[in-house]
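Participant: What follows is the residue order along each chain.
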Amino acid sequence: MVVDPAPLYRGDKWVRRTVLPFLSPFLTPIAIAAAGVAVSISMWQAVSANDDSQISDAIFSQAQALQREFQVAVEYRSSALSRMAKRWEAGGGTPMEQWEADAGAYIDDLGTYQAIEWVDPDFHVRWIVPFRGNEAAQDLDLAFEDRRRAALLESKESHERIVTRPIDLIQGGKGFLIYYPLYPEAEFDGFLLGVWRFDSLFRSIVGDDLPADFGLSVYDGEERIYGSPGSDMRLKERWGEEVALDLLGVKLSAIVWPNPQYLASQQSVLPEVSLGLVLLFTAMLVFVANTAQSAILRGRRLAQANSAIQSQTEQVAQFADETKIIAQVTRIVSSSPNIDHIFDQFRTETAKIVPFDRIVINHNISGVEMVDSYQWSAVEVPDRGRQEKYAIQGTLSEKAMTSKECLVVHPADLEEVERSYSGLSGAWSIGLRSFMSVPLISGGKAIGCLNLHSVTRTAYSLHHRDLIENVAAHIAGAISNALLFTDLKSAEERIAREAEELARSNSELEQFASVASHDLQEPVRKIQAFADRLKQVDGDVMSDRGRDYLDRIINAADRSRVLINDLLELSRISTNPKPFVVVNLNNVVDGVLSDLEPRIEREGGRVEVGYLPTVDADITQMRQLFQNLIGNALKFHRENEPPVVKVASTPAGDGHQVELTVEDNGIGFEAKHQERIFTIFQRLHGRSKYDGTGIGLAICKKIVERHGGTIVAESSVARGAKFTISLPITRQVIEKGTS
Amino acid sequence: MSYGKNGITILMAEDDEEDRMLVEDAWEVAHLDNKLRCVEDGEELMDYLYHRGTYANTEDSPRPGLILLDLNMPRKDGREALQEIKGDPDLRRIPVVVLTTSKSEEDVFSTYDLGVNSYITKPVTFESLSKIVQTLGEYWFRIVRLPNVS
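Protein chains in written order, with the working numbering: chain A, 1044 to 1782; chain B, 133 to 282.
Same shape as in the complex, but just chain A (with noise of 0.2 Å):
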């Protein structure tokens, strides 16, 4: 069975089950996103760090290259100065004009010296190439300034040469000067003089190649002797290389930085290619993941959809054999009268759509007490017979049926339902622990509660509950209808007996009458006879006053006979029927009109019959009718006024009934006295007046009925009185007694 997750009673409140929410779809590829960029951006950053540290290599050697052609570039340059020093040396000094075409062809040759002077031994500059641009320092002392005397007199004694620091140059930017002592012939001739141009000098050093690529500041110290044209200084910040560089001894420092233009020919595309790569990876990826994921998702939805309609399916067939079962239930429920008979069929079907070790069907219908009304336990229970009463203080049957509601206890309460419910004891002692009592109502009454127990703790859901409440409804109306059942079958049998004993009666009654009328009339007769035979025989000797009590003798004998012959014809209406045949009542009317023909023409009256039908009946009996009612309309005729009597028919009851009619113009009766007439023995008038016995209105009513008909009487004082007979015009209904 499946236990639905249905909200199930607890106590006095409702408590549902909640669920989990489903964990967000969109999580991992937003987790894929995150972590692709990241990993791009590390990759990004590792391929930039990776060319960074090339570029680093490159300006790095651009700076060694720079330091050793500044070397060597210093070391040719000066040699050339040198040389000439060497040729003054060996030609015990040299000619002007060889001097300066010398001078000239180094300064045009090297590019790097500002001047090519001589300067005498007394240090004064004489001789200067060019001497364009340089005219400033013609005749200059150079020992003017006693640090500048004290180098060159260091030279002069050392005969070494002298690089100065570098310096503002007379011609305008910084350089250096070089001072080679000349001594020819060991006697010192001065100095020879060059003036180098830092500008010139690195100029010529880096070529073409670096000022195009590169920047380079050179530095004396924190002094910037040389910056190269068009350097981009921010960045000398990230990528300068420092270098440090000798000239001829006097200690500089470099810095090498390359411009854009080479950063960005020698920076790799890479970090952003595969920064863009790793991003576009992780899109897709993103992409494949959530496609992964809705696909999942789907598939999920999809699997839940399946397993839903599975579960529908399943349910749709449990439902439909629940219902089938709940349909025979209730065919059995009404179907049988049986109420033993029903509980057992319920049980048995009830027991495939809900589980249960022990049903209790209870019901007080018959009195305040409780009555299991049937029992059924797979467990053993002890003390509990059947048909036995017992209170339902402290029960769930109880609460069920003053609340009207079902009620499931919820496995949370077992243990506090069982405290509070001082009824369940016994079942709780036996082991029961999932209870369900429905209440049985019918007619807005609790007349009894349906109680099913497992022993499994959580045995019912309210789906079970909907199924049992639904089939409760028709127990509590087969109950209902049971004892209705029983009532109503006692009732026709106590009907029947009484009908049985009226009819044995009335026909011991008829019986009695027809016998004791027929035995009756034979003393009477022989009073009459022999009365008669006493005035014959000796009526001339008596006397007149004997005569006269042997009239009265014979009158009163003969009153009797009538008496008794009117009650046997009474009686034999029932006790002596006739079979019905068809009669037409014209011949009929006729027939009773011939054999009342003498008494109508001596009272001088008038019968009128109309047209009147052909019906099924006894035809001695509807003779006898009519001759009574004719009969007596003759008879109650009003003084000095001849009876007039019509008879007639009208169809009535849609032509399958007739309405005959007899009426007169007689003494007529009171109205109050219009169902009196009909009994026996009731009469409207002394005897002296009209006589008769009292009888034949009886008659005609007990003729009427036993021809399925009724026989009514309508008149006021004066007016004459109106028989209306209604009778079936075919016999459908056989009666007792005819065949």
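Hints were generated in silico from the structure; no laboratory data involved.
This one's a predicted model, so the numbers in the text were calculated from it and none came from an experiment.
Be aware that one or more of the hints could be misleading.
Claimed, not checked - List of simulated lysine to aspartate or glutamate pairs, EDC-like, C-alpha gap at most 16 Å: (1) B/K235 with A/D1562; (2) A/K1569 with B/E149; (3) B/K263 with B/E156; (4) A/K1578 with B/E259; (5) B/K208 with B/D148; (6) A/K1569 with B/D157; (7) A/K1621 with B/D239; (8) A/K1578 with B/D157; (9) A/K1569 with B/E150; (10) A/K1621 with B/E237; (11) A/K1569 with B/D148; (12) A/K1488 with A/E1512; (13) A/K1569 with B/E156; (14) A/K1569 with B/D147; (15) A/K1621 with B/E238; (16) B/K235 with A/E1565; (17) A/K1569 with B/E259.
Mind docking chain B on chain A? Use the hints.
Facilitator: Chain B in isolation, oriented as in the chain A frame:
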């Protein structure tokens, strides 16, 4: 006791003594000289007809030319006796007239069915009875030709 000129005996079966008396009186009043013999029930009637017991002597108990039969009698009632008489090939020729207090149509029908020759309801007054007896004698002994009695 005198015999009628045709010597026909009439046999009356009647259990009621007074009725027998009244009929005998009426017989006398009517001046019928035919012999009227009486039996008191159906058994006795059949004994007479078959000459059994006290009626063994055919001289004393001659075969009746007419039977007056009451219907309601003890031992064997008139209906049974009638059935026996009309079922006997010899006795069936004897005319039977039912003289009874019963007015029941059923009795009328059933007795005619059994072959009764007449059905008469006993009249109330003696005068009527005398008239009936007289008429009977007139009819059966003067008008009607009866089968010869052997």
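Participant: Measure nothing beyond the straight line between the CA atoms of A/K1569 and B/D157; if it is 16 Å or shorter, mark the hint as holding.
Facilitator: 14 Å, holds
Participant: Take a quick look at whether A/K1569 and B/E259 sit within 16 Å of each other, Cα to Cα.
Facilitator: 13 Å, holds
Participant: Is the straight-line distance between the alpha-carbon of A/K1621 and that of B/D239 16 Å or less?
Facilitator: Within the cut-off at roughly 13 Å; holds.
Participant: Given the hint that A/K1569 pairs with B/D148, does the C-alpha gap stay at or below 16 Å?
Facilitator: This hinted pair holds, its Cα atoms lying about 10 Å apart.
Participant: Is A/K1621 within 16 Å of B/E238, Cα to Cα?
Facilitator: 9 Å, holds
Participant: Assess, step by step, whether the Cα of B/K263 is no farther than 16 Å from the Cα of B/E156, and give holds or violated.
Facilitator: 13 Å, holds
Participant: Does B/E150 sit within 16 Å of A/K1569, going by the straight-line distance between their CA atoms?
Facilitator: Holds, at about 8 Å.
Participant: For a C-alpha distance cap of 16 Å, please report whether B/K208 and B/D148 respect it.
Facilitator: 14 Å, holds
Participant: Between B/K235 and A/E1565, does the CA-CA distance stay at or below 16 Å?
Facilitator: Holds, at roughly 13 Å.
Participant: Measure nothing beyond the straight line between the CA atoms of A/K1621 and B/E237; if it is 16 Å or shorter, mark the hint as holding.
Facilitator: With Cα atoms ~10 Å apart, A/K1621 and B/E237 stay inside 16 Å; holds.
Participant: Would the pair A/K1569 and B/E149 pass a check requiring their Cα atoms to be no farther apart than 16 Å?
Facilitator: 11 Å, holds
Participant: Take the C-alpha atoms of A/K1578 and B/E259, compute the straight-line distance between them, and say whether it is at most 16 Å.
Facilitator: 11 Å, holds
The structure agrees with every numbered hint stated previously.
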